[in-house]
Every structure is written in structure tokens, then in C-alpha cells.
Amino acid sequence: MTSPIAHASESDRLALEKDDLLVVRYPRVSGGGFAANLTRGLFGALFATPLLWMLLSSIDSHASWSIGVPTLTASNYAAIFHEAEMRPLLNSMYLAGVSTGVTTVSAVLSAYVLSRRHVPLRRVFLVFILFASGLPVTMVIVPTFQLFVTFHWLDSLFWTSLFLAASSLPFAIWLMKNFIDAVPEELEESAEIEGASSLRILLRIIIPLTIPGIGVTAIVTFINGWGAFLIPLVLNSNPSDTPASIAAYNFLSAFTTPKFGQLAAYSLLFSLPVLVLYLVMARRLSGAFSFGGSLRG
Amino acid sequence: MIETNANRSRNPERPEVSEPPQTEVHVGFTGVFKLFGSVVAVRDLNLDIRKGEFLVRVGPMGCGKTTTLRMLAGLERPTYGTIQIGRRVVNRVSCKDRNIALVFQSYALYPHMTVKENLAFGMKARREPRARIRARVQEVAQTLDVVELLNRRPAELSGGQRQRVALGRALIREPDVFLMDEPLSNLDAALRVQMRAELARLHERLGITTVYVTHDQVEAMTMGTRIALMRDGVLQQVDAPETLYARPANLYVAGFIGSPKMNLVSGRLTSLDGEVAVEWLGTCMALRGKVAATVKKHGSEVLIVGLRPEDLRWAPDAPSESTVRLRGPVEVVEPLGSETLVTVVVDGNRLTTRFPPRSGVQTGDIVELALDPTHLHVFDPDSGVSLREQ
Amino acid sequence: MPVVADSELGLGPRQDQARFEVGSVFFLAPALALMAVLFLGPIIYSLYLAFTNLQLAGPHAVDYSFTGLTNLRRLIHDTQFTASTKLTVYFLVGSAIAGQTVLGMILALLMRRVLAPLRLLVGAVVVLAWVLPEVTAAFVWYAFAQQGGTLSNVLGHSDTNYLNTAPMLLVCIANAWRNVAFSMLMFSAALRNLPPEVLEAAEMEGASLLRRLFTLVLPMMRGTIVTNLLLVTIGNLSTFTLIWVMTQGGPGSATSILPVYMYLVSFSFSDLGYGSMIGLALIALGALFSISYVYSLRARLT
Numbered sequence: 001m002t003s004p005i006a007h008a009s010e011s012d013r014l015a016l017e018k019d020d021l022l023v024v025r026y027p028r029v030s031g032g033g034f035a036a037n038l039t040r041g042l043f044g045a046l047f048a049t050p051l052l053w054m055l056l057s058s059i060d061s062h063a064s065w066s067i068g069v070p071t072l073t074a075s076n077y078a079a080i081f082h083e084a085e086m087r088p089l090l091n092s093m094y095l096a097g098v099s100t101g102v103t104t105v106s107a108v109l110s111a112y113v114l115s116r117r118h119v120p121l122r123r124v125f126l127v128f129i130l131f132a133s134g135l136p137v138t139m140v141i142v143p144t145f146q147l148f149v150t151f152h153w154l155d156s157l158f159w160t161s162l163f164l165a166a167s168s169l170p171f172a173i174w175l176m177k178n179f180i181d182a183v184p185e186e187l188e189e190s191a192e193i194e195g196a197s198s199l200r201i202l203l204r205i206i207i208p209l210t211i212p213g214i215g216v217t218a219i220v221t222f223i224n225g226w227g228a229f230l231i232p233l234v235l236n237s238n239p240s241d242t243p244a245s246i247a248a249y250n251f252l253s254a255f256t257t258p259k260f261g262q263l264a265a266y267s268l269l270f271s272l273p274v275l276v277l278y279l280v281m282a283r284r285l286s287g288a289f290s291f292g293g294s295l296r297g
Numbered sequence: 001m002i003e004t005n006a007n008r009s010r011n012p013e014r015p016e017v018s019e020p021p022q023t024e025v026h027v028g029f030t031g032v033f034k035l036f037g038s039v040v041a042v043r044d045l046n047l048d049i050r051k052g053e054f055l056v057r058v059g060p061m062g063c064g065k066t067t068t069l070r071m072l073a074g075l076e077r078p079t080y081g082t083i084q085i086g087r088r089v090v091n092r093v094s095c096k097d098r099n100i101a102l103v104f105q106s107y108a109l110y111p112h113m114t115v116k117e118n119l120a121f122g123m124k125a126r127r128e129p130r131a132r133i134r135a136r137v138q139e140v141a142q143t144l145d146v147v148e149l150l151n152r153r154p155a156e157l158s159g160g161q162r163q164r165v166a167l168g169r170a171l172i173r174e175p176d177v178f179l180m181d182e183p184l185s186n187l188d189a190a191l192r193v194q195m196r197a198e199l200a201r202l203h204e205r206l207g208i209t210t211v212y213v214t215h216d217q218v219e220a221m222t223m224g225t226r227i228a229l230m231r232d233g234v235l236q237q238v239d240a241p242e243t244l245y246a247r248p249a250n251l252y253v254a255g256f257i258g259s260p261k262m263n264l265v266s267g268r269l270t271s272l273d274g275e276v277a278v279e280w281l282g283t284c285m286a287l288r289g290k291v292a293a294t295v296k297k298h299g300s301e302v303l304i305v306g307l308r309p310e311d312l313r314w315a316p317d318a319p320s321e322s323t324v325r326l327r328g329p330v331e332v333v334e335p336l337g338s339e340t341l342v343t344v345v346v347d348g349n350r351l352t353t354r355f356p357p358r359s360g361v362q363t364g365d366i367v368e369l370a371l372d373p374t375h376l377h378v379f380d381p382d383s384g385v386s387l388r389e390q
Numbered sequence: 001m002p003v004v005a006d007s008e009l010g011l012g013p014r015q016d017q018a019r020f021e022v023g024s025v026f027f028l029a030p031a032l033a034l035m036a037v038l039f040l041g042p043i044i045y046s047l048y049l050a051f052t053n054l055q056l057a058g059p060h061a062v063d064y065s066f067t068g069l070t071n072l073r074r075l076i077h078d079t080q081f082t083a084s085t086k087l088t089v090y091f092l093v094g095s096a097i098a099g100q101t102v103l104g105m106i107l108a109l110l111m112r113r114v115l116a117p118l119r120l121l122v123g124a125v126v127v128l129a130w131v132l133p134e135v136t137a138a139f140v141w142y143a144f145a146q147q148g149g150t151l152s153n154v155l156g157h158s159d160t161n162y163l164n165t166a167p168m169l170l171v172c173i174a175n176a177w178r179n180v181a182f183s184m185l186m187f188s189a190a191l192r193n194l195p196p197e198v199l200e201a202a203e204m205e206g207a208s209l210l211r212r213l214f215t216l217v218l219p220m221m222r223g224t225i226v227t228n229l230l231l232v233t234i235g236n237l238s239t240f241t242l243i244w245v246m247t248q249g250g251p252g253s254a255t256s257i258l259p260v261y262m263y264l265v266s267f268s269f270s271d272l273g274y275g276s277m278i279g280l281a282l283i284a285l286g287a288l289f290s291i292s293y294v295y296s297l298r299a300r301l302t
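Chains as they are written, first to last, in my numbering: chain F, 1 to 297; chain U, 1 to 390; chain C, 1 to 302.
Here chain F stands alone, though its shape is the one from the complex (with noise of 0.2 Å):
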């Protein structure tokens, strides 16, 4: 039994033999093709429904659980903007911020002294580092809790953003120290010769030039942090400091009859922060690894 790729039609066969035998042509509309198309595209619908509710939903005044028709209405994002619901936002800006903030410079300078200077046990640092960020935080959680108690960190912003950082610093320092390392060498040797000390040439020479893995490691580490659920649920409970991941969860279980349109405007906005920095890290990830100039090549 041929496939019906192989029989693909005799005349794209011989085209073949004309071009590069690397070229490889899909047949359109024919056989496999068809087939994986409609699979695909079902898939994709399929995939689509529950996130099409949110949409949906958040611009209907008749929102139910279900997807239908809305009833167009801005009226459920007028409901959500005022104090109480906006104060979690904020919340969730100062946790993500602040181990954004603390996570990123921690992460370049360690990256930079792990990538280019001698430092004993550097092999051992690198595995664990590597082995750390396989290990996900949840499964620490519980003595986590009893030392911020030891400590009377509980119930602060401010410390809970520091697990954040803490948890977040190896997948940081893993990801700088591969952009780091991209970095020429002889570009770091000109400079020594020139005089500079470390942090200059830290400063001037190695940071501009990974201002896109900086940018990629901040939004990947402010992702994390905006939709933290756990970490906050345990270390913080404060009401005044809850985050919004967490507030969006309390307003779901806050009414008997839940009010569909606002839960779902509520998504919908505590979601877009995240959406937006993912766009912005996509765009630049994929343009700005050139060293243009620099070397002769």
C-alpha cells in the first residue's frame, strides 16, 4: 500500500528531480492533506470554545455559563473598575514587580560571574541550578510557611515578592547565563585591555548587548509572578494584600448566583498584562540576536 503522499502526483515527482531533492512539496488539496486540515480545524474550534466563553461573556449583560449570543454590554467592565476589585491589581503589580525587579539584577550578575569568571564548584552550581528549576515551589510550601512564621515574614507583600524572586532565580539565572554566554569573548578582552573593571564592562559592554534576554527573563519572571496563586494563598492573608489571581478565585465563590459577565470581564483584564508582555517578548525574541558590526564576519 502506497501512501498517497508517495503517488503524489507523478508531475510534482519530476519537478523534484529538476529542483533541489531537498525541496519538499505538500500536496494541497489531496489525501493526507484534506484530512489534516479538517482534524485541524476542528481541533482548533474545539481548543477555542472555553476561551471564546470569557470573551463572550464579559460583553454580555445575559451571561450565563453557557456561549450564546450576547447581549452587547460594557456595563459589566464599569462594574469591575472600582476600588475593591482594582486594589488586587495593584497587589498583583507589587508582587510581580518586585521579584521581577529583584530576580532580573540578581540573575545578571550571577549569570555574568557563572558565565565568564572561574568560580570553584562552578560545575556543581550550574547542576543544582539546572536541577532547582525542575523543582517546582509547591512542594516546599509547607516549611516555607512555618520559617516565614519563625521569622514573622507572614503577611507582607514585601517578603512573599522575595519567594517569588527566590523560586524564580534559577530558570533566571539558567536562561542569562545562555545570553550571556552569546556574547563574544574578545569584546570583554578589548575592553580589559582597555582598562575596564568588571562591573564596567559589565555595565557597559555586556548589558546593552542582552538587553533582549534581560527584557525575555523579566516578562518570563512578571508572568510568573502575576498569576502566583499558591505562594500568596499561603504566605499572605492580609485581605488588603490579596493578589488578583486569588481575588478573581474569591469572587467566584463570593455569590450564590455567580455574576457571569463581571467574573469573566474580571478574567479577561486580570489576564491581558500577561498577554501583552508574551506579544512583546515574542517580537523580540526573534529579531535581536545580531552582534551586527562588532566582528568582521
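Since the hints were made in silico from the structure, they are not lab data.
There may be inaccurate statements among the hints.
Stated by the list, open to error - Some chain U residues judged to face chain F by a derived CB distance under 10 Å, without partners named: (1) Tyr110; (2) Met123; (3) Pro316.
Stated by the list, open to error - Here are the in silico distance ranges between beta carbons for each label pair: (4) Gly159/U with Asp181/F: 24 to 32 Å; (5) Glu148/U with Leu40/C: 55 to 63 Å; (6) Pro251/C with Asn250/F: 18 to 26 Å; (7) Glu185/F with Gly23/C: 51 to 59 Å; (8) Pro381/U with Leu121/F: 52 to 60 Å; (9) Asp181/F with Ser383/U: 42 to 50 Å; (10) Asp176/U with Gly23/C: 21 to 29 Å; (11) Gly37/U with Gly23/C: 23 to 31 Å.
Claimed, not checked - Just some of the chain U residues that point at chain C, by a computed CB distance under 8 Å: (12) Arg77; (13) Pro78; (14) Thr79; (15) Asn91; (16) Cys284.
Just so you know, even glycine gets a beta-carbon here, dropped at the ideal spot from N, CA and C.
With chain F held as given, fit chains U and C onto it using these hints.
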């Protein structure tokens, strides 16, 4: 037995090194080794460079020339031995305190800074006053003719322009020693010739001690006051270009310097009319002078004899001292315009010779060649060392 | 450098041993401090806490003591623990292996055969699900599965709350939905890097699509598949938010996988000591997978 400075003179296989005259030794390598893991990159290097000299280090890839340069710059530490600049032993001195400048093969310009900022970087790092920085940048930009480029980024510059900026960045600090790592190898041929001349002019004007690394022997021959030829980490010979050409210390040097390469064929020690002679290419030729004495003393039966293509003349065109005659068929004729390279087969060996441009010789012709035996180079077949007047 | 050396040069100690610069400490300090206290600290602390009777509130909240192997014995006899472990395995197989790795592979393979606009669109939707905060994903699926929600309406049982009737299944699907993008992207990249000539040759020789898939493509991607499996397994081992928001571990304890059980024990039943023990078991499990993961990457570590 490890050959160190101490027992150097006792060992006849030691490569020849010409000592600089009594003027100040500026840079000195003494017994320097560099090992990477267990690979020897540089072996027992002893070299003195005098002030204001333009020393070219030449050799094939992997011979250790770049490693030595990096050790001099301070980017690598020697495994053993000492390096001196002036009177200071600089092994422990970090590169920023050595007052040297290095032009990388890839230029290593800072891509995110303008030309002006690239030039000013070193001085800013040393916290020099702003006015002085500005003045120097202008000065150097004018010397190297890059004034219009000051506000551009490296990505916008051509190869030659980048090279000049790299030079400028090195010059601006008025270093004691100027190091260059194959700076011209990435330029096209025409540009290379032009830059060679410019570099030579620059050196004349400024007189800074320069160590220049290249794998191109033409560059080496045209630019250096002295040439240091290295192979597999070992220094083969250090001499002025003409000396290296006329009196190569060993087989390797003889084969490396000079294009087309020296003809090298083995011969046998024999005697002719009571004089020391070699049987070479089917003919007996007497050796003259001190060479004969050395060869005889050396006592080896088998020898390798070399002759430069221009010393193997077309008989009709040869001067009167060319007493030895050879003949053979022509295999290849390569007209170069100003001369013709002709490959002739003599006694089963292919020899390259230089013929005048309009000799009319063609492939297949039997030609007669003439040579003067005083032009012969004799080498020991095992060690490769040249047997010359002691 | 072709020359290989003799280590019997006999010239004494080498001068060029790499040296640690004191300045490096300052650069490393912030990261080291943070990780030591807030990362290593808890891990080590848990080793102690797991063997105590510490409570969140109650007689042993402040005054707690070392209780030896009590907690461990309790763990072994705890039926709920066994049940939770089983649920966790079910979750891993259903969501991680089936839902994410296998599905991700299928998607990646399909990606190569579809029209560009469709590929982009579906790709975007899948990635979107991944990027959204976990709470949002959980929430959206909660709505989807509710009585009167979209799923039940479509399937015709509009009064069924699927979170009550098939909680584990739904949770698996939701988690897979959320995370499949990761596997899909990873496999897409790997597929792109396969040498096309080998596949072409097989195609020319008439090998069927399926045969090419199983005898060529999959074996060539073995490394990536293993890596992906491990990563996804570790990630799923610690799923909390999604399940908590959707079902709080219920109904009853139908979806109480280990992390959820650990949370409940520690903070709802106030038993921090025992909770730590469960946490240790979880860490051990995670470490096991982590080590295999690092080990499998060993070859590529510089």
C-alpha cells in the same frame, strides 16, 4: 633533556636566534611555555624584542603565534617562564596595567557604540578628563582618516573602515607595545596591499614597538624589521627578512619562506677532485668554502640539498659563475607576465625555475639549466638543520 | 595544536591555574543569599519538620516536638495518601503523558502538513491557552463544565455538572488543554531539525506515512521525547492552582492529588508536621524525576 637558556649554546640543534643589538630590549620572553591541559601550545620560547622594532610572528595555524601574543597582552598566563616589558616582569600584572594595545583579528568593535564612543572607551575607563578625551579622539580620527565616521555604528562601516577604527582605538592610548593579531586577513587583496603600506607608514611615524602576527609570509617579508617563524609552538628562527630568505636555519624555514617554494631534493655526500661534493640530481657538484668544511665535519652520507627557483637559471640566460649544468624536459609553463615559472624534470625530480618572460620555452622542450653551487643550501635529513658556515 | 605534551616537563607547579577572584563574591551574593535562605532553607527545614508534630493552630502550634518516625508510619498506613498517590499517577498518565506529550506530538506532526493560515491560527489559540494565568484557565474550564455550561449544553445533558460526575477526567483535560502548547512547540522545533534527506529517501522508497513515522521520525526524536516527558511529568507533579480553583480537591477527595492533599492536611486540618512529611514524599518523587532529567541531559551540559 630539556633545553633551557643555559644549555642552549651547547646544543647544535638549537635554532638560530639573532640577538638584538645593544639598544634597549623592550619585550623579553624567557623560557616561556604554555600548556592547555596537556597540549603544548608554546614550548620554551626565548625571544627578545627591541624598542621600536616591528616584529612579525609568522607560521601556520596552530603554531602558537597567537597564544604568545595573548600572553604578552595578559589575556593568558604563561604556564612556565617569565615575560618582561621594559624592566618589569609582567606575569602577574593584569592586562589593563601593562599599557599595551591589541588589535583583534575580528576587530572586536563594540557594536552598540558609535565610532567616537568606541575610540573614547579606553580613556573613559581610565577616567581621563573629558576635554582631553575629546582632543585625542579628534587627533586619532584625523590620523586614520575616519573623521566623517565618528557618529556611525560599526555595523554601518566597511571592512577597511572597521579596521582603521580598531587601529585608532589601539593607538589612542599611546601604548608602550602595539599588538596585532592578523589584522589584514579579513580584507580583500587590494585593500590588504593598501593597508600594509599604511601600517608601515604609521610605524615609521610613531615608532611604537609592534608585534604583528600573521600566517601570510608575504606580509611578513614586507613589513617586519625582524621575523620570528614558529612551528608547533617552537621558535624556528628570528632574523631580518633577507637573512631568513638567504640563510634559512632549517628545512622548515627554507620551505616556508619564499614563493614559489625552494626546491628540496635529497643528495649524497661524495667527493670531486678531492673536494667535498654532493651528488645531486644525477650530477656531482663541488661545494665551496666554509659550507664544505661543515658538511664534511658533519659526516652524514645522505643530505638534503635546496636551491631557490631563481638560482636555477636557464642556461643561455645564466651568469658565468653558473658552472654546473643540468638538463631535462619541461613539464609545466606558467607565464606570470614579468617572468615565467617553469617546472623541469631532472633526474626524476620536479624542479621549479624562473625563466625570463619571453624565453619561448614550451611544454615538452628539453632545456638546459645552470646553477652556481655557492647558492646551494645543505640540510641534515634527520634534524632538518641547515649546515652552513659555523 | 597537534603537539601532545609530556607531563614530565618537570618544571614545577604551573603558573596559570585559574584563580578565584574575590570580587566575584559580590556579584554572586544577592542570588546566593536569596536561594540559600528561601530555597535551600525550606528544603532542609522540611527534613526536620516532617518528623515533628507541629500544628498550624492548636496545642502544638507553638510547643511542638520531635516525634521520630510517627509521621512516617502514619504515611504508610494512610489510605488517603495511597488514594492520592493513585490519583496523582492517574493524573500524570492522563494529563502529562497522554494529554501533553502524545497530543503535543500529534499536533506538531500535523502542523507540518496544513495550510499556513490554519497553522498560525490554531497555533496561536493553543499558545494562548498556555500563556493565560492558571487561574483564568481553571476558571474558564469551570464555567465550561458547569451545569448549564457549554459542555453540558452541547452534549445534551444540560443539568449535569461534569465536575461532579467526572472530575478527574475533566481536570486532566483542562490541564492538558492548558499545557499542551509547551510540548507542541518543543516537538515542532525538534521536527524542524530532523534531516530532511532521510525522510525523503524513505518517501521515495514508498514507505507509508505511518511506517515512516514509527520507524524513522519517532526514533530520531527519542532524546527530545524523553526530555519532554520528564519535564512535563515534573511540572504536572506540582499542579495545585488549576485543581484547587476548579474543584478544591473534590467532590470529596476525588481530585485530591498529592499537592492538594498536602495543602489540605497542612492548612485545613492544621497538621503541619504531617503535611511536611507528605511534602517530603512529593519532593522525593520530584527529585527522582529531576535527577533522571539532568542525567539524560548530561551529554549536552558543558
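These are the hints, each one checked on the structure:
Hint status for Tyr110/U relative to chain F: holds, with the closest Cβ pair at about 6 Å, below 10 Å. A hinted interface residue such as Met123/U counts as satisfied when its beta carbon comes closer than 10 Å to some beta carbon of chain F; here the least separation is about 8 Å, so the hint holds. Below 10 Å, beta-carbon pairs count as interface contacts, and Pro316/U has none with chain F, the closest being about 50 Å; its hint is therefore violated. A beta carbon spacing of about 27 Å between Gly159/U and Asp181/F agrees with the range 24 to 32 Å that was offered as a hint.
For Glu148/U and Leu40/C, the hinted distance range of 55 to 63 Å is satisfied, since their beta carbons lie about 58 Å from each other. Separated by about 20 Å at the C-beta atoms, Pro251/C and Asn250/F satisfy the suggested range of 18 to 26 Å. Take Glu185/F and Gly23/C: their Cβ atoms lie about 18 Å apart, and the range 51 to 59 Å is violated. Distance hint check for Pro381/U and Leu121/F: the Cβ-Cβ separation is about 54 Å, which falls inside the suggested range of 52 to 60 Å.
Taking the beta carbon of each, Asp181/F and Ser383/U are about 46 Å apart, inside 42 to 50 Å as hinted. A C-beta distance of roughly 27 Å is found between Asp176/U and Gly23/C, which places it inside the suggested range of 21 to 29 Å. Between Gly37/U and Gly23/C the Cβ separation comes to about 26 Å, which falls inside the hinted range of 23 to 31 Å. Against a cut-off of 8 Å between C-beta atoms, the interface hint on Arg77/U holds, since the closest Cβ of chain C lies about 4 Å away.
Taking 8 Å as the C-beta contact cut-off toward chain C, the hint placing Pro78/U at the interface holds, the least distance being around 6 Å. With a least beta-carbon distance of about 5 Å to chain C, the hint placing Thr79/U at the interface is held under the 8 Å criterion. The closest approach between the C-beta of Asn91/U and any C-beta of chain C is roughly 7 Å, which is under the 8 Å cut-off, so the hint is satisfied. Using the Cβ-Cβ criterion of 8 Å, the hint placing Cys284/U at the interface with chain C is not satisfied: the shortest such distance is roughly 39 Å.
In terms of the numbered hints stated before, the structure departs from hints 3, 7, 16, listed from lowest to highest.
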